[in-house]
Amino acid sequence: MNISLVMFLVFIAITLGITYWASRRSAGSAAYFAASRQIKGWQNGIAVAGDYMSAASFLGIAGIIAFQGYDGFLFSVGWLVAYLTVLLVIAEPLRNAGKYTMADVLAYRLKPRPVRAMASLSTLTVSTFYMIAQMVGAGALVKLLLGSMVTYNQAVIAVGILMIVYVVFGGMLATTWVQIVKAILLMAGTILLSFLVMAHFHFSFGEFFGAISQVTYHDAKGQQVVKDFLQPGLRYKPPYGPLDLISLGMALIFGTAGLPHILVRFYTVPDAKTARHSVVWAMVLIGSFYIMTTFLGFGAATIVGPDFIKGHGGTNMSAPLLAQALAGNIFFAFISAIAFATILAVVAGLTISATTSFSHDFWTNVIHNGVERRPGEEVLVARISAFVVGAVAIAIAIVLGPTANVAFLVALAFAVAASANLPVIVLSIFWRRFNTAGAVTGLGVGLLASIGLILVSPSLMAIDPPTVVGTARHLIQAKAWFPLENPGILSIPLGFIGAFIGTLISHEPTSQHKFNELLVRSNTGLGAEKATAD
Amino acid sequence: MGNTARNFEVAGPAPVSESAESQSVWDRIASSKEFQDLMATKKVFIVPAFIFFVVYYFALPVLVGYAPQFMATKVIGQVNLAYLFALSQFFVAWLIAGLYVKAANDFDRLAKDILDKNGKGGK
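Protein chains in written order, with my numbering: chain A, 764 to 1297; chain B, 135 to 257.
Do not take every clue at face value.
[What the hints assert, rightly or not] Cross-link-like lysine-lysine pairs, in silico, DSSO-like; alpha carbons within 27 Å at most:
| # | chain 1 | residue 1 | chain 2 | residue 2 |
| --- | --- | --- | --- | --- |
| 1 | B | Lys177 | A | Lys1277 |
| 2 | B | Lys236 | A | Lys1293 |
| 3 | A | Lys1293 | B | Lys246 |
| 4 | B | Lys176 | A | Lys1036 |
| 5 | B | Lys251 | A | Lys1036 |
| 6 | A | Lys984 | A | Lys1073 |
| 7 | A | Lys803 | B | Lys246 |
| 8 | B | Lys208 | A | Lys1000 |
| 9 | B | Lys251 | A | Lys1293 |
| 10 | A | Lys1277 | A | Lys1036 |
| 11 | A | Lys1277 | B | Lys167 |
| 12 | A | Lys803 | B | Lys176 |
| 13 | A | Lys1036 | B | Lys177 |
| 14 | B | Lys251 | B | Lys177 |
| 15 | B | Lys176 | A | Lys1293 |
| 16 | B | Lys208 | A | Lys1277 |
| 17 | B | Lys177 | B | Lys246 |
| 18 | A | Lys1277 | B | Lys251 |
[Claimed, not checked] From chain A, some residues computed to sit far from chain B (all C-beta separations above 10 Å):
| # | residue |
| --- | --- |
| 19 | Trp805 |
| 20 | Leu909 |
| 21 | Tyr915 |
| 22 | Ile920 |
| 23 | Phe972 |
| 24 | Ile1009 |
| 25 | Gly1050 |
| 26 | Ile1093 |
| 27 | Gly1233 |
| 28 | Ala1243 |
| 29 | Glu1271 |
[To be verified] Chain A is faced by these chain B residues, among others (derived, beta-carbon under 10 Å):
| # | residue |
| --- | --- |
| 30 | Gln157 |
| 31 | Trp160 |
| 32 | Ile163 |
| 33 | Leu172 |
| 34 | Val178 |
| 35 | Tyr191 |
| 36 | Val196 |
| 37 | Pro202 |
| 38 | Lys208 |
| 39 | Ala216 |
| 40 | Phe224 |
Read the hints as simulated data drawn from the structure, not as lab findings. For every residue, glycine included, the Cβ atom is placed at its ideal position computed from N, Cα and C.
Please work from the sequences and hints to get the whole structure.
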């Protein structure tokens, strides 16, 4: 039996054990949606890191560095620095003023039904797009790692069913612990891999960076080239490269603090001080991980080489192939199993944030005016919607198929989070004059601007050669109207402008009267949701 | 926990927020000297820290994007300015986070005074 498969099964067994344990703890909304708010700071910090370090980071960034060198490392920087926005601006007020979702903060002083409906729409958009990208990636990855043993469709169905089981039976508690196990495995694998890369270069940074400065490979025309991979500009070339880079930075710095699956994590801890400590824990882990992408990415470029990776599964296989080159098949299996664990944990995190928003914001508060008609209804609705979300994600991933061009969905998720969610959260906490109309137009404009600009960007608009077929082809066969892959530089200002204009054209005295209440509560924790006993 | 029903109001601080009387409680706290101190203390740290990290961070894509030759200057062996500046971002981010946690101890102390004075609030 294949070693990778055995390791996959071990991880699945552990996570199902966690789910069983979590499902036996007492029920109730606060337990299901927020793990009774009893997760410790360091635990939540590890879980935040787990939620954030997706396969896109582990496999994707290692791959981009292996092929495009330094420009790939720029991604790594933005992913950590983004947490300063979370730490300084968002985490504590959110914990103090909210209950289960970001919409709680908006609904605090604005009219609950319109803002919750819009916030829920935006949350579901971000989560679904991000999830589809992960599911397609998971199917393709499991197929690559397990070879002929599993088909793409079987892999997608397996990932989908596992994620449904975690969320339906284990709720936030199980999801948190699955994240913690995965984050620890990911860190262990990355440290081991970095150590082996340095051992390969006899623990000499001089030798390592010497090798990076002359990576040899064949370019698209089949010519052998030698490039300094520490040199900027291999990916982001003029005329639009630098602007795209700045736009990407904006999406990361302002989008991370608007990602619903990260925001819900701050409701699982007892108070704002613990939320703060969990961000710091997350920053230590995330920062260490992304610094080590130096070893993963440049290690793959120098030890394995872009030519070999291209012939053995492509960019996403850089890290597993590096493991194989350094320590053989067992280590390859271990790193592959970690990649699989990473995807499973992230989709579970996305599912719980989507279902929490649907059930708490949309079902209970928009449709039923904030009244739970029967005890346990909110949790029941969440469980049913987790099932539906999982089934829909499986279906879409199967329809798209393994070659679908989905990388842009992650950029889209960040763009929506930065352009729709962040402006309204920030304005509702800091701007007395802000009102319901502003929140609705801000969310709407941010959402439409992000989606619209990505639709006409090079990610979806390009002229493919006839050899590219099916869903791998660009959606619109024409020259892109908007030259950047990341819309943030335009969509974030548009989101803010939408929120300002909406606010200024309407008057809402109640929202201004309740501003002091929100201000005091978000800054002191007076009246904040307490942890509940099990 | 069993008492699910009470979890369904949107926001559940002790004073029911609709009544004018309870609104004035929040207004009184908001205009109190203690609360003004808290907000001022926070602002003194958070505003400069935020501006600094945003400027420091965006200097990286701007320099790398518009002055790639300058950033390719080798500093130590093969290691260039671009890589060192990128690496420095991690340590600067950790430093700001560390300073914030230290400063936040003061915020907590000031907030605790307000909470003590106002009967802890909440449930």
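The hints, checked one at a time:
1. B:Lys177 x A:Lys1277: 21 Å, holds
2. B:Lys236 x A:Lys1293: Between B:Lys236 and A:Lys1293 the Cα gap is close to 24 Å, so the pair holds against 27 Å.
3. A:Lys1293 x B:Lys246: Given pair A:Lys1293, B:Lys246 holds - Cα atoms ~16 Å apart, limit 27 Å.
4. B:Lys176 x A:Lys1036: 14 Å, holds
5. B:Lys251 x A:Lys1036: 19 Å, holds
6. A:Lys984 x A:Lys1073: 14 Å, holds
7. A:Lys803 x B:Lys246: Distance ~21 Å between A:Lys803 and B:Lys246 Cα, so the pair holds.
8. B:Lys208 x A:Lys1000: 21 Å, holds
9. B:Lys251 x A:Lys1293: Status holds; Cα separation ~19 Å.
10. A:Lys1277 x A:Lys1036: Distance of about 24 Å is within 27 Å: holds.
11. A:Lys1277 x B:Lys167: 20 Å, holds
12. A:Lys803 x B:Lys176: 25 Å, holds
13. A:Lys1036 x B:Lys177: 18 Å, holds
14. B:Lys251 x B:Lys177: 23 Å, holds
15. B:Lys176 x A:Lys1293: Holds: B:Lys176 and A:Lys1293 sit about 24 Å apart, inside 27 Å.
16. B:Lys208 x A:Lys1277: Violated, at about 57 Å.
17. B:Lys177 x B:Lys246: 18 Å, holds
18. A:Lys1277 x B:Lys251: 21 Å, holds
19. Trp805: About 14 Å separates A:Trp805 from the closest Cβ of chain B, which puts it past 10 Å; holds.
20. Leu909: 35 Å, holds
21. Tyr915: About 36 Å separates A:Tyr915 from the closest Cβ of chain B, which puts it past 10 Å; holds.
22. Ile920: Per Cβ check, A:Ile920 is outside 10 Å of chain B; nearest 34 Å; holds.
23. Phe972: Violated: least Cβ distance 4 Å, not greater than 10 Å.
24. Ile1009: Incorrect as stated: the minimum Cβ-Cβ distance to chain B is 5 Å, not above 10 Å.
25. Gly1050: 5 Å, violated
26. Ile1093: A:Ile1093 clear of chain B: closest Cβ-Cβ about 31 Å, beyond 10 Å.
27. Gly1233: Correct as stated: the minimum Cβ-Cβ distance to chain B is 35 Å, above 10 Å.
28. Ala1243: Holds: least Cβ distance 19 Å, greater than 10 Å.
29. Glu1271: It holds; A:Glu1271 is separated from chain B by about 15 Å at its closest Cβ, greater than 10 Å.
30. Gln157: Where the cut-off is 10 Å and the nearest Cβ of chain A is about 6 Å from B:Gln157, the hint holds.
31. Trp160: With a minimum Cβ separation of about 4 Å from chain A (threshold 10 Å), the hint on B:Trp160 holds.
32. Ile163: 5 Å, holds
33. Leu172: Where the cut-off is 10 Å and the nearest Cβ of chain A is about 6 Å from B:Leu172, the hint holds.
34. Val178: 13 Å, violated
35. Tyr191: With a closest approach of 5 Å, the B:Tyr191 hint holds.
36. Val196: 7 Å, holds
37. Pro202: Hint on B:Pro202: holds, closest Cβ of chain A at ~5 Å, below 10 Å.
38. Lys208: B:Lys208 check passes; min Cβ-Cβ to chain A is 9 Å, inside 10 Å.
39. Ala216: 5 Å, holds
40. Phe224: 5 Å, holds
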